[in-house]
Amino acid sequence: MPGMDTYDAIMLLSYGGPNGPDDVLPFMRNATRGRGIPDERLLQVAAHYKRFGGVSPINACNQRLIADLSAELGRRGHDIPVGWGNRNWHPFVAEGLDELAQAGARRILVLPTSAYASYSGCRQYREDLAEAADALRDKWGTIVLGAEDSADNPDADIILDKVRPYYSTPGMASAQITSVRRAWEALAARGVDTSGIRLIFVTHSIPVSMEAGSSPFPFRPSTDEAAAASDGHVEQQGSAASSEAGTSASEISYVAQHHALIQAIMPELRRILGRADLGYDLVYCSRSGPPQARWLEPDINDFLEDIAADANPLTGTVVVPIGFICDHMEVVYDLDTEAKETAARLGIPYERADTVATDPAFVSSLVDVLEERAAQARGEQPVPVTVTSTGPFHTVCPSDCCLSPARPGHASSPGASAHPGTAHAPHSSGAPARAAGQTATPQEDSMSTPHPHAVVPPQQNPENPGHPAGVPDRVGEHAARHQARHAGTEATPHSHAAHARVTDPRDATGVDFDEVNNKQHYALYSVFALGESLPADDGERGRIIAESLDYVKGAGAEIRGFYDVSGFRAEADLMVWWLDDDPEVLQDAYHRLRASALGKFLDPVWSCMGLHTPAEFNKRHIPACFGGVAPRDWAMVYPFVRSYDWYLKAPEERARIMAEHGRNGFAHYPDVKGSTLSAFGFSDYEWVLAFEADSLDRLEGVMHAQRYTEARLYVREDTPFFTGPRVSLGEWAERQPRA
Numbered sequence: 001m002p003g004m005d006t007y008d009a010i011m012l013l014s015y016g017g018p019n020g021p022d023d024v025l026p027f028m029r030n031a032t033r034g035r036g037i038p039d040e041r042l043l044q045v046a047a048h049y050k051r052f053g054g055v056s057p058i059n060a061c062n063q064r065l066i067a068d069l070s071a072e073l074g075r076r077g078h079d080i081p082v083g084w085g086n087r088n089w090h091p092f093v094a095e096g097l098d099e100l101a102q103a104g105a106r107r108i109l110v111l112p113t114s115a116y117a118s119y120s121g122c123r124q125y126r127e128d129l130a131e132a133a134d135a136l137r138d139k140w141g142t143i144v145l146g147a148e149d150s151a152d153n154p155d156a157d158i159i160l161d162k163v164r165p166y167y168s169t170p171g172m173a174s175a176q177i178t179s180v181r182r183a184w185e186a187l188a189a190r191g192v193d194t195s196g197i198r199l200i201f202v203t204h205s206i207p208v209s210m211e212a213g214s215s216p217f218p219f220r221p222s223t224d225e226a227a228a229a230s231d232g233h234v235e236q237q238g239s240a241a242s243s244e245a246g247t248s249a250s251e252i253s254y255v256a257q258h259h260a261l262i263q264a265i266m267p268e269l270r271r272i273l274g275r276a277d278l279g280y281d282l283v284y285c286s287r288s289g290p291p292q293a294r295w296l297e298p299d300i301n302d303f304l305e306d307i308a309a310d311a312n313p314l315t316g317t318v319v320v321p322i323g324f325i326c327d328h329m330e331v332v333y334d335l336d337t338e339a340k341e342t343a344a345r346l347g348i349p350y351e352r353a354d355t356v357a358t359d360p361a362f363v364s365s366l367v368d369v370l371e372e373r374a375a376q377a378r379g380e381q382p383v384p385v386t387v388t389s390t391g392p393f394h395t396v397c398p399s400d401c402c403l404s405p406a407r408p409g410h411a412s413s414p415g416a417s418a419h420p421g422t423a424h425a426p427h428s429s430g431a432p433a434r435a436a437g438q439t440a441t442p443q444e445d446s447m448s449t450p451h452p453h454a455v456v457p458p459q460q461n462p463e464n465p466g467h468p469a470g471v472p473d474r475v476g477e478h479a480a481r482h483q484a485r486h487a488g489t490e491a492t493p494h495s496h497a498a499h500a501r502v503t504d505p506r507d508a509t510g511v512d513f514d515e516v517n518n519k520q521h522y523a524l525y526s527v528f529a530l531g532e533s534l535p536a537d538d539g540e541r542g543r544i545i546a547e548s549l550d551y552v553k554g555a556g557a558e559i560r561g562f563y564d565v566s567g568f569r570a571e572a573d574l575m576v577w578w579l580d581d582d583p584e585v586l587q588d589a590y591h592r593l594r595a596s597a598l599g600k601f602l603d604p605v606w607s608c609m610g611l612h613t614p615a616e617f618n619k620r621h622i623p624a625c626f627g628g629v630a631p632r633d634w635a636m637v638y639p640f641v642r643s644y645d646w647y648l649k650a651p652e653e654r655a656r657i658m659a660e661h662g663r664n665g666f667a668h669y670p671d672v673k674g675s676t677l678s679a680f681g682f683s684d685y686e687w688v689l690a691f692e693a694d695s696l697d698r699l700e701g702v703m704h705a706q707r708y709t710e711a712r713l714y715v716r717e718d719t720p721f722f723t724g725p726r727v728s729l730g731e732w733a734e735r736q737p738r739a
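Take the sequence shown: its letters are residues 1 to 739, numbered as in the UniProt record's numbering.
Hints are computed from structural coordinates only; laboratory data are not their basis.
Among the hints, erroneous ones may be present.
Claimed, not checked - Under the rule of at most 35 Å between Cα atoms (straight-line distance), these lysine-lysine pairs were calculated in the DSBU-like manner: (1) Lys50 to Lys340; (2) Lys553 to Lys50; (3) Lys50 to Lys649; (4) Lys553 to Lys340; (5) Lys649 to Lys340; (6) Lys553 to Lys519; (7) Lys553 to Lys600; (8) Lys519 to Lys340.
As the list claims (entries may be wrong) - Cβ pair distances, simulated, as ranges: (9) Val208 to Lys139: 39 to 47 Å; (10) Glu268 to Tyr644: 52 to 60 Å; (11) His591 to Thr337: 42 to 50 Å.
Glycine is no exception: its CB is placed at the ideal position from the N, C-alpha and C atoms.
Take these sequences, add in the hints, and give me the full structure.
Encoded structure:
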């Protein structure tokens, strides 16, 4: 029997989470310390936890895992205590180490709750240990992080070792297979046709630069191993070739690690599920960070939107949180709440597979990894048991992997202490802190960071250069989700709104849906006719336009665009689209245009104000005009009124109807951007909708396609329409008749 006597104790090392409502804000301060995020923003994020009584599910999961590990260790004859330490809440890393040291532990083996290797899931935990060691030096002396193959150090008072990443263990694979099978069977028991079920694996998104740094070598798909799935997706197989001495050729990146595990279990899943053609998709959740940062995509909600619009038959989805061993908040909110709501709105049967922490096979494999590390510490050379033949297998990060420039001041391989002798800024609740000079900065590589408002580039909106067309991204570990203020809010599947996955370089990225939903955003559409011809003199005409534009801009409202609607309707020539968070600012802009030199030539034809309210069935559906989407070359604006019986229908029935309505249009016209706003009580209409596209035929196409849906039966009125190309005010004037 392999022995564990090399070590005196084991410590489970995790992220941490609040244990009650009073813990939530201090926890959020710890999780975002050094980034200057005000409490009012953190309170928005805290709404997730309050929905669950202020308690993170990770705590109970970790306690259960500690009990199961202790039981399995005891079953194998190992009498060794298992402690616990967290990065961001009690017991903090230093608290957990201090407790074990007080019990006499001098050689401690650390087991992180992250199965995969990346900066935040591997190296950062070693940095946490190094900082805790520094904080405890005065009490316990020299605490060092051990070498790869030894637990001995004559100069150390306490030695800390860490296990290797364990995503590829047989128990991990077995537990994932069991979890998928149960979820699949649950869908089948609900009467879902299993021939059309889509298998979707989900993991935590990280910055693209962090992914690139999670292995010393790039991941290269192999040309002879890739197998096409029945849905057209290709299983990404490949390997990393060693180009540097001293580093194993098995080292592969964060994304490649997930694909390697999934591909290892797919043959057995195809066999037990009876689907020889079964493919898979790997998607992401919990993206955060500044808008300019690139993170792994697609987001689970965006992906559900996409597959709902596909022509391929889809009868249901099994969503597998393969990147999480416990039910984190990312799982119970991002997947069990947000993604589940998205699927329901789209009419997709949805089943989330269990996380693996309670599976006996997984727990047994963790103990195998602990025994393997103990054998290494004794100087033995155990062969890692893996279902993928890929690593990383190291327990000490090489200097060329898992780097993060977002944490300046950290050594590449933290050793005996982290910055000895430096001062520490306090955590909330008096917890151990990071060393001076290690403050995280809101760069691309920094997880969960705030950012300023997303700005549409000036060239995309010359009338308003630099105006914030987007909103701050998610803050902290997760995004806050506000309830819709109106139970009857339109679902807005008309709007192919601003999703996190933006492919057009004109658009801002990283839009915070909660920030948009938690604030009031108004739009005003005003249409005018040219009452009399403009002056024939070019200089006079130019002066009128310049002075009028400056005067109108003085109101402070964003001008989304001027549109030449001449010819589309006999009675209209100019449409102006304004945006602001204050309706009186929009009124002022309107008054200024009427009172300007140009206004003397214009007669009002039609005007309608709208307010963004959170969509009833998917809060991620936000108007393109408030979601960082740049203006397009053409716009089409129209109001509409629902039928009397629409609002009396069951919510699930309305969700089904609107999901079909959205799919029918945007499956073929995904480039059309929509902004649906509430107008209840503002005018004679209930809703006002603007579509934008780069060509007129795309606007016609989406409108035409959406006529063939059941939703059309529940519309009483949807006129007038105002359509035209987006032009500068000067260009519009040059097109008009002259005296």
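Here is how each hint holds up against the structure:
Note on lysine 50 and lysine 340: the hinted pairing holds, with a Cα-Cα distance of about 19 Å set against a maximum of 35 Å. As the CA atoms of lysine 553 and lysine 50 are separated by approximately 42 Å, the hinted pair breaks the 35 Å bound. Restraint check: the Cα-Cα separation between lysine 50 and lysine 649 comes to about 31 Å, which is no more than 35 Å; the hinted pair holds. Pair hint lysine 553 plus lysine 340 does not hold up; C-alpha atoms about 43 Å apart against a cutoff of 35 Å.
Among the hinted pairs, lysine 649 with lysine 340 is consistent with the structure: their alpha-carbon atoms are about 21 Å apart, no more than 35 Å. A threshold of 35 Å between alpha carbons decides the hint, and for lysine 553 with lysine 519 the separation of about 23 Å falls inside it, so the pair holds. Between the alpha carbons of lysine 553 and lysine 600 the distance comes to roughly 17 Å, so the proposed pair stays at or under 35 Å and holds. The hinted pair formed by lysine 519 and lysine 340 meets the criterion: a straight-line CA distance of about 25 Å does not exceed 35 Å.
As the Cβ distance of valine 208 to lysine 139 is approximately 41 Å, the hint placing it in 39 to 47 Å holds. Checked against the hint of 52 to 60 Å, the C-beta distance between glutamate 268 and tyrosine 644 comes to roughly 55 Å, which is consistent with it. The beta-carbon spacing between histidine 591 and threonine 337, approximately 44 Å, falls within the hinted interval of 42 to 50 Å.
When each numbered hint is compared with the structure, violations occur for hints 2, 4.
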